[in-house]
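As given, the protein sequences belong to chains U and P, one line each in that order.
Just so it is clear: in the first sequence, position 356 is 358 by our numbering, and no numbers are missing.
Just so it is clear: in the second sequence, position 251 is 254 by our numbering, and no numbers are missing.
Check each hint, because a few of them may be wrong.
As the list claims (entries may be wrong) - Some but not every residue of chain P turned toward chain U, in silico, with C-beta under 10 Å:
#1 Val178
#2 Gly220
#3 Val227
#4 Thr379
#5 Lys416
No wet-lab data here; the hints were simulated from the structure.
None of the values given here were measured: they were computed from a predicted structure.
Note that CB positions come from ideal geometry on N, CA and C, so glycine has one too.
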Amino acid sequence: MSRLMSRPMLQWVGTLGLAVGVPMAAVIAPIQAAQPKAVAKKTESKRPVTIRPASETTAGGKGPKVTTVASPEKDFRAVAKKTDDVILAELNRVKAPVAAKCSDEDFLRRVSLDIAGTVPSPSEVTLFGIDPSPDKRTKAVDRLLGTKVYAENWMRYWRDVILMRATEMRANLVRKSFEPWMTEQLQKNVAWDKITTEILTATGDIEEVGDTILVMAQGGEADEVASEASRIFLGIQIQCANCHDHPSDIWKREQFHQFAAFFTRVRLQQRNMPIGFEVGSVQGGGDGMRERFQQSLENPEELIRRMDRNGDKKISKEEASRAPGGGGPGLFARIIDLADTNKDGAVTAEELKKMPKQEARPGRGSEEYFMPDLNDPSSKGTRVDPQFFVNNAKPGIGLSDSDRRDKVSKYVTSRDNPWFARAFINRIWYELVGEGFYMPIDDLGPEREAKYPAALDALRAGFVANNYDIQWLFKAITATETYQRQIRPRDASQSTPAFASATPSRLRADQLFDSVLNALGLREADLPPPQFTGNQGPGSRLLRSQRNAFHASFSVDPSTMPEDIAGTVPQALYMMNYPLFAGQIRGSGSTRLAGILQKFPNDKDALTELFINVHAREPSATELKTCQEFIQQAKSRPEAYEDILWSLLNSTEFQTKR
Amino acid sequence: MTTSILEDVTLSRRGFTRRSFLHSVSAGALAAGSVNFHDLMSLQAEELRKDGRAMILLWMEGGPSQFETFDPKPGHENGGPTEAIDTAVSGIRIAKGWEETAKVMKDIAIIRSMNNKEGQHQRARYQLHTGYLPSGSVRHPSLGSCIAKEIGDPKSDLPTICSVGQSPGAGFLGVDYEPFVVDRPGDMPQNVTLTTDSSRFDRRLGLLGKLETDFAGRGGEAAVHDHKRLYEKTAKMVLSPHVKAFDISSESAELKGRYGNSQFGKGCLLARRLVEHGVTFVEVRSNGWDTHQEGFAAITKNAGEVDPGMATLIADLKDRGMLDRTLVVWMGEFGRTPRVNPRNGRDHYPRVFNAAIAGGGSRGGQVIGGSTADGTAVKDDPVTVPDLFSTICKSLKVDPSKENLSPIGRPLKIVDGGAPVAKLFG
């Protein structure tokens, strides 16, 4: 069984129990409780597990043909098995060596980072290692999915997916409402189609209504909201068809603009003092006064004829406020301010003509959508009505904002739309396994080829049969052998197919931050606020925390290709020299390291404790030897350990999912 | 491994990402037969080390009023209360409040015919930094990042692009060209100061190297390799004598006084020091130019900081023989409305605005283009954003039509369209 059960380990468990002030009995009790008897039931399946024969699967990478899964399996283990079978059959076919199953230590660290966003605590590592039950990995996943940190971890993931591409720089204001909202959705395990629908149809004050995040991030601009909705929820880069037919996909230019027309009546209204935003709608029909008024400004003579009451060929504020179709008193008063060059309080047709053209105000919405004429960019363009590019569904003409967005959310999340589930699965699979079925993860499109398409289809059938149950997908993916493979050295001269072994990947900013806190035994609430580092835009004061300061240096757009992600100099400086961390690696005082040194006079014990704290594993024999030699040459024991702890925190392994 | 080998590896990562490498090969050399990676590298390297050209961008955040800076209209109603002053070049008059800048006008060319359409701060800020309008699907690199990539010295101990205050970053060019941000110019930047003495820091790095071997052997080899490179680069910066460039305390009190004790003044002095120490692109930001109300007083205050900082920077660069290869550009995201609004301010106006250029081989002491008497439109020689960016590229010997590939493989030129302002280089 586990090598952690070896005799020295049991001894070590003893010392750990004492060290963390837990009575030995408390350490042993859960171990006994976990004996086989207690293991058998309490699986997640509500019906008997039936595993289909592997022969049914279609292995091989030929085109993204939808393989019909006879009766969609709802059971995550069965789907995991089927996914594995497809992948393994292909790996065997090309005679690729398949990596072995990873150790318990590696599994626990991996799954803790993936689900809860942090490394496991030393006692979790120990208890997991000595737990003999065969389904302990599944149970660990269940436990982690029930924690609040799971919800927070994935809330941060989706926040970064949406906000790292924000074109509206003040979009950070929406974090105030998005963070608690998304955390709650994930904690309640609200289905992905529901969450998507909320985001696509959101209205309200962005600091109170978290699902306004996408509209806010793109400043309410129809074409940008549409591009991002397609990229995030469907994995289709439809915006490439903005100015020309899609260069590498089937989409036509008109199809992009038809999709954008679903969002044309979205209006992002700004208010000042303090600055804020509200997502609302442009009203169509009788309320389209403002739009019609803007049009009538294009013909000033006509406007004067209509509004001039006293025959002086001028429009005064008073005349404007009484005339029908004057755009309301406020609007025309502004026009007079802008156009009245001789300051007589009224405007002539000449003055109106010379008035500097009001630049279009992006994000304020318009009643209908116009596809720009590329040969004449200043012209109004051609009106297009909403139509969904995947199946060419048309919701109708002249619809209200809420009708348009209700319809588009239904089209997007429909079970008949294969891209919706694929895009989500591909993202989560990539985050967990380190390599996606499609890469880049947000560029699926009909002309791309998925790796192991039948495996993706199996996951999709299960995900759809389970009504887009997010936690179900986590259970299915983490249950695969593919997920549980070891990392292994790569022979650079040979190309190994995807998924033959695990791929080490960089921790995201929040994962790394939480790992640092855990390794140093710090609680986020106890941290002092960071030094003020300059004005970083509206809402930055609200965001002034150690976590956000760290995030500012370490965050990476989660949709970035892994080979394009590299560490930065400021990040390395942060890990090397950040005074807060430096203070916490001291070997004296009230730090965790000082505690370890006091409790473990024996270096082997102390080093083991330190490694478990930082790396969630025991040190290897070589590592022990390296450290012991280092200790002997050092000036003092605390100083040596400070250097060791510094090196562990600054190591590649600490910043990598293994 | 020696430093130079390391740097070549760095260069390969920086100069050619996987895709751009394939792209370059297919474009040219592949047709000619076989070409290896190192040939390509040395080709680029030669160009890179050209002649230490650099750029300092003085960014007026908020949109500086052309009427209260370099295109005053005294006597016209739209000119407001702002008076004009003479400069060292007869015939060129600029707004009162810019007396120091007036003295170095022989080195400055003013463009009074900038014009654009974007009147919203962040979209215009993005456009005036990247040359492109923002789009959620692609994060365009700032021109500074492109310049750092093209002509930055990869052997530099310091980052090739720095910014005093936040700045739009490298976009899809990635972290190597992300500006190194200095929040408090004059002080050492955050985390640059070691927490131990340097010999202990070396010991730590040595131990780190040894402790990496296990993980490298287990399958983390590539990650360990990248990490090691990054740490070597960072350690090199931390331990480099050049890092002192960030600390302005060694400058004479007299010179510091001339630059001014403001954030901006110190930022300008820091910019000169950074360029001296091999940095290719530095942005120095001045805030508070969004003058919708009581604008004249606000601009007087801003000019009190920017005028001495900018003028001293130009003079100082010239004294040190650096001005010819250092381009200084003063600009903001747009101009302000000709009409003074009822709150005694001016609103956003992209149709006419101004910019100022010095050094970098440009011919100073001239005005390019002009606005109409009432300041509502460009009168002659209109200059667009792509024109301005092409001009910058010409000065720095960067090919504006060079394409970078976005993450989904879309080629994007450094500058899309536009032509250099010929009069600047006459």
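Do the hints match the structure? See the list:
no.	hint	verdict
1	Val178	holds, 4 Å
2	Gly220	holds, 7 Å
3	Val227	holds, 5 Å
4	Thr379	holds, 6 Å
5	Lys416	violated, 15 Å
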